[in-house]
Structure formats: structure tokens, C-alpha cells
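Engineer: Residue numbers 1 to 89, in UniProt numbering, belong to the letters of the sequence shown in order.
Just so you know, nobody snuck in bad clues.
Below, in silico cross-link-like pairs of lysine to any residue (SDA-like), each with a Cα-Cα straight-line distance of 20 Å or less:
#1 Lys41 <-> Pro8
#2 Lys41 <-> Ala25
#3 Lys41 <-> Gly58
#4 Lys41 <-> Arg56
Quick list of the computed label-pair ranges, beta carbon to beta carbon:
#5 Gly36 <-> Asp81: 33 to 39 Å
#6 Gly36 <-> Thr63: 22 to 28 Å
#7 Gly80 <-> Gly58: 16 to 22 Å
#8 Gly33 <-> Gly80: 32 to 38 Å
#9 Thr10 <-> Gly80: 22 to 28 Å
#10 Gly36 <-> Thr78: 31 to 37 Å
#11 Asp66 <-> Thr45: 14 to 20 Å
#12 Gln12 <-> Gly36: 28 to 34 Å
#13 Gln12 <-> Ala35: 30 to 36 Å
What the hints contain is simulated information worked out from the structure, not anything from laboratory work.
We put the CB at the ideal spot given by N, CA and C, even for glycine.
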Amino acid sequence: MRKSSAIPRTGQGALTIARHSQEIAFSLLVSNGVAGRRSGKGSLTGEPEAMRQAFRAGDARLTLDDGTEHLIAIVAHTEGDGTAYFELR
Numbered sequence: 001m002r003k004s005s006a007i008p009r010t011g012q013g014a015l016t017i018a019r020h021s022q023e024i025a026f027s028l029l030v031s032n033g034v035a036g037r038r039s040g041k042g043s044l045t046g047e048p049e050a051m052r053q054a055f056r057a058g059d060a061r062l063t064l065d066d067g068t069e070h071l072i073a074i075v076a077h078t079e080g081d082g083t084a085y086f087e088l089r
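With the hints as extra help, turn the sequences into a complete structure.
Structural biologist: Printed below as a string of C-alpha cells:
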């Protein structure tokens, strides 16, 4: 039997870094790991300067469109690009 691929959740949200909030679009893929531990990763799209600041800060808070908040670690970003990649903390 083939395992189906998980579908990422996408939407509009907010990225908060050092008490400053920025509107962003997100794509989030959450999976349940060993011993019920949850893990996840995804991407953020927003203003290039906001993505640069997020990458430099390293940690941020992602608020989804339904109000759910996640602490995230920004793990990759290309200078001048409006996309950053993250993992759930």
C-alpha cells in the first residue's frame, strides 16, 4: 500500500520578531513523529526586508490565519528574496 503525501496548510498570517509584526503568506507541513512528538517545516513569503530580518533573528513567532501560534526557527533565506524557510521549535 502506498502512503499518500501530506498536503501543506497554506494561508495568510503574521510573523512576529522582537514584538514587531509583519503580514506574510505561509505554507506549513506538520507531521507526528516518534513518541507523539510533533514536527513541522514550511515557508514564509513577505517583504524581502522582513524575511532578511527574520533570518538574522533566527527565532520568531508565526501566527496562522485561525489564530494558532507557533514558535519557529528560520533556517534558510536568500538575500533579496521574499521567501524564508522555517522549522517548528
